[in-house]
Structure formats: structure tokens, C-alpha cells
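Number of protein chains: 2
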Amino acid sequence: MAKVVRNARVTYNNVPTGNLELGKHLVYDDSATINLDNVPLNGGILIKAVALSVDPYMRLMMLSAEDTALNAKGMFLNAELSIFGYGIAAVLRSEVSNIRPGQYIHVDELEHAEYSVVTSMTGVRVVDRNTRLPWSVYAGAAGMTGQTAYFGWKEYAPVKKGSTLYVSTGGGAVGSMVIQLAKKDGLRVIASAGSREKVEFMKEVGADVAFNYKETPIREVLTKEGPIDIYWDNVGGDTLDAALENMSVGGTVIICGQIAGYDDDGVPAHRLMKMVYGDIHMVGFGFNNLEYKYLDEFYATIPPKLENGEFKFREEVYYSLEKVPEALFRILKGKNEGKCVVVLSDY
Amino acid sequence: MAKVVRNARVTYNNVPTGNLELGKHLVYDDSATINLDNVPLNGGILIKAVALSVDPYMRLMMLSAEDTALNAKGMFLNAELSIFGYGIAAVLRSEVSNIRPGQYIHVDELEHAEYSVVTSMTGVRVVDRNTRLPWSVYAGAAGMTGQTAYFGWKEYAPVKKGSTLYVSTGGGAVGSMVIQLAKKDGLRVIASAGSREKVEFMKEVGADVAFNYKETPIREVLTKEGPIDIYWDNVGGDTLDAALENMSVGGTVIICGQIAGYDDDGVPAHRLMKMVYGDIHMVGFGFNNLEYKYLDEFYATIPPKLENGEFKFREEVYYSLEKVPEALFRILKGKNEGKCVVVLSDY
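If you read the protein sequences in the order shown, they are chains A and B. Just so we're aligned: 1 in the UniProt record's numbering is position 1 of the first sequence, and the numbers increase by one with no gaps anywhere. Just so we're aligned: 135 in the UniProt record's numbering is position 135 of the second sequence, and the numbers increase by one with no gaps anywhere.
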């Protein structure tokens with residue numbers, strides 16, 4: 001008897017234009033089933049989603065095929081498919097030689113479905129959970145978001161003791177890791193976020209100056225506490241401009257994301273001329289392209305520090321696939337109070 | 001008998017806001033005199049302006065003291081002073097040990113006045129005119145504009161044979177030098193400008209693809225001829241966006257200026273998120289900060305090539321100080337057909 005089970009998923013309803021609206025653009029669909037014993041693997045693996053990372057960039061993937069300008073990777077809306085993101089999955093069956101049933105994998109493009117067949121092993125990596133951290137953490141602080149911070153910091157931050165870093169979204173999954181990496185390297189850290197709780201968390205993880213940008217204008221703080229030697233940008237737009245206006249000569253901007261523009265057609269920055277006056281270097285990076293260089297080092301270093309409390313993190317964990325649209329909505333509005341992860345399996 | 005002569009100058013009338021208007025913002029004033037024999041030098045030098053370089057960035061200097069955002073160097077409007085720019089001057093008297101009367105100097109902040117006393121030697125360099133090139137060229141292709149191209153190219157262009165460069169304002173003083181440096185290094189060059197004459201000149205200096213952006217949309221050309229490995233930006237705004245949309249992964253943007261925004265409060269760029277997808281590096285640079293590294297090499301290399309015709313240039317030379325406002329206006333409108341220089345002395 002082949003084992004046929006429900007295979008719920010989150011998929012598209014309409015192409016979002018402007019703000020993502022709950023109940024309009026994404027739908028939870030539990031009508032499909034899958035035959036776990038007989039579904040063809042075509043040389044790939046059958047996996048069960050365990051923990052899904054919900055991240056701002058997912059909004060950017062929700063583009064029509066025509067909008068190629070922002071859509072550099074060609075990952076656009078396809079109403080036939082589930083949405084996807086980073087996450088952890090359990091391997092149920094495998095036709096790949098070095099991946100075995102019972103193993104767990106970190107997947108770059110994991111379908112937001114209970115089960116899926118993966119045929120390309122690009123972006124698939126077996127993860128050894130060698131600590132007592134739950135899998136939700138391996139989808140967050142020990143997953144893509146923590147890795148983004150770690151890779152970008154290692155590769156691009158011109159670390160000098162006594163330099164000043166400014167990080168926007170310092171209360172977030174990437175930002176709070178950046179704060180901790182910078183403090184470990186002896187930098188002075190200015191960090192901003194949009195709620196009192198996030199400000200408290202930023203102080204807890206070591207930020208020297210932590211402020212709520214909704215209460216105190218960014219320029220006011222940076223004029224007083226700057227100039228900035230390194231700016232870690234998760235926001236773009238006017239926040240980037242405010243940072244550029246307060247950079248020291250020879251400063252570095254690391255662009256990790258531009259959340260201010262994800263609902264729209266890219267967020268404008270006006271102060272790039274400041275780069276000419278100030279010999280500013282600005283670098284964008286795709287997390288995936290640095291995996292080969294830092295991933296082993298990351299897994300050896302960061303999960304133990306998360307477990308023993310040397311590095312801190314906050315999670316906002318949901319236990320139902322249905323919650324994905326709401327989680328994404330909360331992130332885009334800056335309402336989440338920790339790294340958003342949707343856990344599907346009680347593993 | 002002390003020698004008292006007219007000392008005409010160009011100065012400010014009103015702070016320009018928005019477009020520079022002729023006859024409104026800048027005035028030619030010939031009411032002052034100077035005593036060439038007795039004017040105190042205060043340890044400096046008395047100089048006579050020979051050739052003044054008129055450049056787009058001068059518009060940016062015309063800011064009120066309050067506008068600190070763009071005004072990174074604090075060089076703002078002061079109605080008591082002449083305007084200033086790069087240029088060549090003859091030394092008449094000197095209290096500086098290594099500068100002698102009869103020598104010629106390249107000055108970073110040369111007053112647009114017939115005579116002036118300079119007390120700070122920062123940005124002052126004795127120039128040996130060892131070729132048959134006129135001084136106008138030493139204020140242009142062999143001066144700041146040529147040096148900007150040379151320094152920026154040498155320091156920041158990741159040169160690989162077969163790479164593709166796109167340069168906007170490729171018909172200009174900086175842009176045309178960049179084209180020639182890139183061709184010499186074996187790159188394929190796409191270049192844009194705003195007139196038929198400039199397109200012809202870009203072809204003449206070696207551009208593989210030269211087009212008039214007023215007739216052919218930039219995105220159309222770049223989609224067909226790209227992707228771009230290096231973009232040399234003199235424009236900013238939508239031109240920068242079009243380039244970002246067509247960069248190859250790991251590409252480099254060298255920001256030399258942002259002429260599209262000089263009349264306004266900075267020009268917006270919307271596509272910085274493309275830097276994240278594409279591992280794009282963007283660098284701004286101040287010409288002055290690279291002098292120490294490349295200036296001797298530049299003088300040894302470029303003027304001989306300009307003289308023997310290996311490197312080409314175009315000039316638009318005016319022979320009256322009164323013409324400075326008109327020349328600047330033409331540049332900001334993209335109407336000049338060569339490097340604008342105002343020559344004051346028949347030396």
C-alpha cells in the first residue's frame with residue numbers, strides 16, 4: 001500500500017503590487033496529496049519540510065515575469081508553484097549518492113510545502129545538528145540569516161579596532177548578528193531599530209548606541225555619534241542617505257538588503273555623490289556566492305556560541321504552514337520581534 | 001612706483017537653486033584693482049591666472065553654508081570671494097622656498113580672478129611644460145580632467161582583457177580619456193553621449209559601440225551589447241540604474257560624478273538592490289586623494305601621448321574671463337563640444 005498523505009502548500013493568488021495584503025496575494029492550499037512511497041525522484045530526493053525561514057527578500061521574489069529590472073535572478077512569480085525560501089528539511093528518500101534518508105539538509109530554495117521533490121542539489125547542504133539548538137535556530141541565527149551576517153562581515157568589513165559601525169535593523173536576525181560580530185572585533189557600534197523591545201535587545205547584545213528611529217531622527221544620532229566607518233545597510237533609501245551623509249572618508253557601505261523598497265519599484269537613494277567626496281566603497285553581496293568560502297567555518301564557530309549564550313538571538317516561531325503569509329507581512333511592516341521561522345514538524 | 005592693475009573676477013550674485021541661470025547667479029566684476037608689487041604675500045605666492053578649467057562640479061560648490069548634506073568638503077558659496085576651480089597660473093612673486101617667479105603651477109582651488117595671492121600650497125604643483133601642448137591642455141586633458149580619468153582607472157578598474165566597459169558622457173573630457181585608457185588595456189567599450197559630434201568623437205577615440213542616448217534608449221543598447229563588467233558613471237540617476245540593471249555578476253561601478261543631480265538636491269538611483277543580487281562593487285573617489293600615487297606617472301605618460309596624437313582630446317576654449325558663467329552653463333546643459341577652458345593670458 002503506497003502511503004498517500006496531504007501535501008499542503010503556500011502559493012500565489014495575485015501578483016502583489018505595492019504593499020503585500022493579507023488574504024489577497026498568498027493562499028494556503030491543502031487540497032493536494034502526495035504518494036510518499038511512489039512519487040518519482042528523477043535522481044533527486046524526497047524531503048519533508050521541518051523549519052522554514054521567512055525573510056524580507058521573499059517579497060522581492062513575488063514579481064511578474066515581465067519585471068526583469070529588479071528580478072535579477074529570474075525567480076519570479078509562478079502561480080503553479082509553491083513559494084519558496086531558505087529552510088531545514090528531513091530527507092525521506094534519496095537517489096543522490098551522498099545524501100541519505102534520515103539526514104537533515106539546509107536548502108536555499110525550499111518549497112513552502114509539506115513535502116517536495118528536489119532534483120538540483122545546488123544550495124542543498126547536509127547539516128549536522130551537533131548542539132542542543134532546535135532546528136528553528138538552524139533556519140535562522142544558525143541558518144541563512146546568521147550566515148549572511150557572518151559571510152558579509154568576514155569578507156567585506158574592513159575591521160579596525162576603534163572604528164565605528166552603524167547597522168540599521170540592528171534588532172533583526174542579520175543585524176543583531178552583525179552587532180555581535182563587530183563587538184567581538186573591537187568596534188564601536190551604533191544600531192537602530194523600530195521598537196522599544198528591539199532597542200533593548202540591541203543593547204543586550206552589545207550596541208554602544210541603540211536607538212528607535214521612529215522616535216529619534218537617524219541624522220540627529222549619526223551627527224552626534226558619527227562619523228561612521230562602516231555602514232551595514234538593510235534598509236536603503238533615506239536611511240542609506242543619512243548614513244552616506246555621515247560617513248568618514250574612505251568608509252565602507254555593505255548593502256545586505258533594501259527593505260524600504262521591496263513593496264515598490266526600488267527605493268531611491270539621493271546621496272551617492274557623497275561617495276565621490278568621501279572615497280566611499282559600497283558593496284553588495286549575494287550570500288550564496290560566499291558559502292564556499294565561509295560555511296564550514298560558520299558551522300564550526302557560530303552554533304556553539306549560540307548554544308552557550310555567547311551569541312544571542314531572538315525567534316518568533318510559528319507552528320503552522322498557514323502562518324507564512326502573516327509572518328511575512330509582519331516582517332515587511334517591521335512588526336516581528338525576532339527571526340521569523342515557521343516550524344512544521346515536531347521532529 | 002607700485003604697479004596697480006585691474007583685477008577682474010567672477011563672483012556670486014545669488015545662491016543658485018535649481019537650474020543655473022545666466023546673468024542671475026554669477027557676475028563678472030572688473031571694479032577691483034591689485035598692487036602687484038606691494039600686495040602682501042603672507043608667506044605665500046602672487047599668481048596670474050593663465051588657463052581656467054570649467055567643470056560640472058563647480059555647480060556643486062554653489063551651495064549655501066546651510067546645505068551640509070551634499071557639501072561634504074565645506075566649500076560653499078561665499079559672496080565675498082571669487083568662484084574657484086582647477087587651473088594653471090604663472091607665479092609672479094613668491095615667499096615659498098621651492099616655488100619661483102616664472103614657474104607655472106597647477107592649482108586645485110584657483111580663484112577665477114586675474115590675480116590672486118595663495119597662502120596654502122595644498123593642491124599647488126609646479127608643472128613643467130615639456131611638450132608643445134598649450135597651457136589650455138594642461139588645464140584639461142593633461143590637467144584635472146585627464147588626471148581624474150587616469151587616477152580612477154588605474155586605482156579602481158579591475159582590468160581584464162575582453163571585459164566590457166560602459167562609460168556615460170564618453171564624449172567629455174574625463175569620459176573620452178577613460179575610453180582610450182580602456183582600449184589601451186584591451187577592453188571592449190560601450191560609450192554614450194548627447195550629440196552626433198560627441199558620438200563621432202567617441203568612435204574616433206576607439207569606442208566599439210558609441211550611441212546618442214537622446215536618440216537610442218540606454219537600456220536598449222545595454223541589453224543588446226552588455227552585460228557590463230565596469231561602468232564608469234559621470235551621470236547618476238536613471239543612467240546609473242540602467243547600468244546596474246545590465247551589470248554582470250561581480251561587476252564594478254566607478255562613480256566619478258553625478259551630473260544629473262547637480263542642479264537639484266542629489267539625483268535618485270533606485271536599483272541599488274541589484275548590487276546585492278549581482279555582487280556589485282561601487283566606488284567613489286576624490287581625485288585629490290590619489291595625486292600622491294599617480295601624478296608623476298601621469299605627467300610622464302599622458303602629455304607626450306597627447307602631443308604625438310596617440311591620445312586624442314577636444315577643447316572648447318574661451319579667451320575671456322567673462323565667459324566663465326556661459327561655459328559652465330553649457331557644460332551643465334551638455335552643450336559643450338569639448339573640454340571647456342577659459343584662457344586669460346597669451347603667455
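No lab work stands behind these hints, which were simulated from the structure alone. Fair warning: this is a prediction, and the values are worked out from it, not measured in the lab. Please note that the accuracy of each hint is not assured.
The list treats identical chains as interchangeable, and a pair is accepted whether it falls inside one copy or across any two copies.
[Said to hold, decoys possible] Straight line, CA to CA, 30 Å or less: simulated DSSO-like cross-link-like pairs of lysine-lysine: (1) Lys-48 - Lys-323; (2) Lys-305 - Lys-24; (3) Lys-293 - Lys-154.
Okay, the hints, checked on the actual structure:
1. Lys-48 - Lys-323: Classified as within: same-chain Cα gap 18 Å, cross-chain 75 Å, threshold 30 Å.
2. Lys-305 - Lys-24: Answer is neither: 41 Å inside a copy and 65 Å across each miss the 30 Å cutoff.
3. Lys-293 - Lys-154: Both: 10 Å inside a copy, 28 Å across copies.
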